[in-house]
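Same order as they appear, the protein sequences are chains A and B. If you're matching positions, the first sequence starts at 74 in our numbering and goes up one per residue. If you're matching positions, the second sequence starts at 427 in our numbering and goes up one per residue.
Since the hints were made in silico from the structure, they are not lab data. Among the hints, a few may not be true.
Straight-line Cα separation of at most 25 Å, DSS-like style, residue types lysine-lysine; simulated pairs [as the list claims (entries may be wrong)]:
(1) B:478 - A:157
(2) B:447 - A:241
(3) A:361 - B:493
(4) B:481 - A:556
Just so it is clear, the structure is predicted and the values come from calculations on it, not from any experiment.
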Amino acid sequence: MTITSLTFIVFAFATILAYYVVPKKYQWCVLLLANIVFYAYAGWKAACFVLFTATSIFFGALGMERVLAKQKALFAAQKETLTKEEKKAVKHKNQRRRRRIMLFVLLANVGILCVTKYTDFALAQVNSLLAALGGGEVRYELNLIVPLGISFYTFQSVGYLLDVYWEKISPQSNYLKFLLFVSFFPQMTQGPISEYGQLSRELFAEHPFSYKNYSYGMQRMLWGFAKKMLVADVLSVYVANVFANYERYTGITTLLGAFCYAVQIYADFSGYMDIMCGLCETLGIRLKENFDRPYFSRSIAEYWRRWHVSLGDWFKNYLYYPIGMSDWSRRLAKKTKRRFGAHIGNTLPATLALLVVWTATGLWHGASWAYIVWGLLNGVFIIVSMWMEPVYVKWKSKLGLHDESRAFRAFQILRTFTLVTFIKVLPEVGDLRRGLGLWKHIFTDHRLPTGVGQLLEFADTGKLWLILAAGGSLMMLLVSVLKSKYQVRDLFNQLPFAVRIILLSCGAVLVAAFGGMAMYLFGGGGFLYAGF
Amino acid sequence: MDELLEILNDLNPDIDYQNEKNLIDGKCLDSLTILTLITEICDTFDISIGPKWMKNENFNSVEAMWKMIQTIQEEE
């Protein structure tokens, strides 16, 4: 079901209506039913994969809990007779049993993700290696279908499994409720990747109808549709032009195309989040926010705390901390600290954890060398700035630069946005070679455009669309600036009712008319992150 | 408690740890600082902090951290 289609709008309204019509204790059942309809549109093959994940993780978590419950019962029954050592031995034995269950279920699910997503890439590497060694060719590609949203729901479910294993949460004992958590349709194709503790509270609570939630949610949905259909879909035509033919354009025009891509991907991904968070808000459900004005970040590390927040949090909680807190990591910190000082001792374990995290982040985004290099580049920038921190402090002091000075902040924001843009385009141009070629072209083609016409040569859709995309981008910038100080929707809702109705109606007509036309002319509708 | 405050002040002396109750949710401590903090706590109090304890509420204030340290010491 395309999110920017009339079918989805009808589906969304039907879900909202049914949600508030049924008795409140059955509201979660309406959501489950809506999931089934959503999956019916996506194809039942995808549903089979989700069912496997939900079922295996549901029973795995219950299995681990049963081991723990038996242990508690044993300790309660033999409170007086068991010695401390005996209790320790029982705990150790049970922990090993729980670990076996966790690993079995984890490997089964991560295995499916790897097989469906990375088999062709892995086989291509084997073939390249065999060719390089002069051996025979193993030419076969499986071309497996990657199930809808597999990277998102697998990570969310694995997070739940690990949280139960680490005893952070108690497992859900109702299978249908758990199925709803795994397959909740608004976050199925592009996240956010939610934590069970937070999302379950929202999903299973009873939500009475609230006019504020409904109107705020609708406004946010409209804003999301505008971002996606008027900005992202139009810019996608320009970006495709530049990426396919950058050799034809001047270096400056190519750079402008790269910046257009940065705006496009933000409008596309955050537009989807606005639509889905808005839809959930109409139901009284708060989804985890995935964006916090990321292009106003002052460093790459900060950017990744503000862009795709839920993925960053997942990697932090389930990879970075477990690696960084492991026994060997602590031993390494201790040894290096004794020998080389506190800064190196503290930074080295974090560096190793970050290298693993960023390689995994690259692979999560796509099965190609371009994505691996993209991930590592992000990681290297973060690691280098971590190591260089004491040097930066000295430089800033010598040069008289103050972190809070406006000029320095503006410089840091512009520098980070430019860096992020360069890294972003690398895997998107086609392959690594073409990505690097685009970088080289920007720096080596010194031709100056003869005028605005040549500068915007790639914008071959006509002036109207260019003005619409530029206007939409400026609106996004304005809203982002306002968001730093105000709750923008609170500001909007302070306007007189009649003014709000007129503005919202104009917005809806604009999005429906031009967005619909853009979809017809340029074939938009798909979302970039749905491919991950 | 004093030892814990000393560790925190060594890591970032600009924070008012006595009054700040939102160290993690308020983004006062970044992930590198948290890793360093955990290593220091483990070494100083001779305990092991596993992923089980990695919840924001356990690190949001000095009191919460101190309570967590005591619970782990009792468990171990």
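Verification of the supplied hints:
no. : hint          : result
1   : B:478 - A:157 : holds (22 Å)
2   : B:447 - A:241 : holds (21 Å)
3   : A:361 - B:493 : violated (28 Å)
4   : B:481 - A:556 : violated (28 Å)
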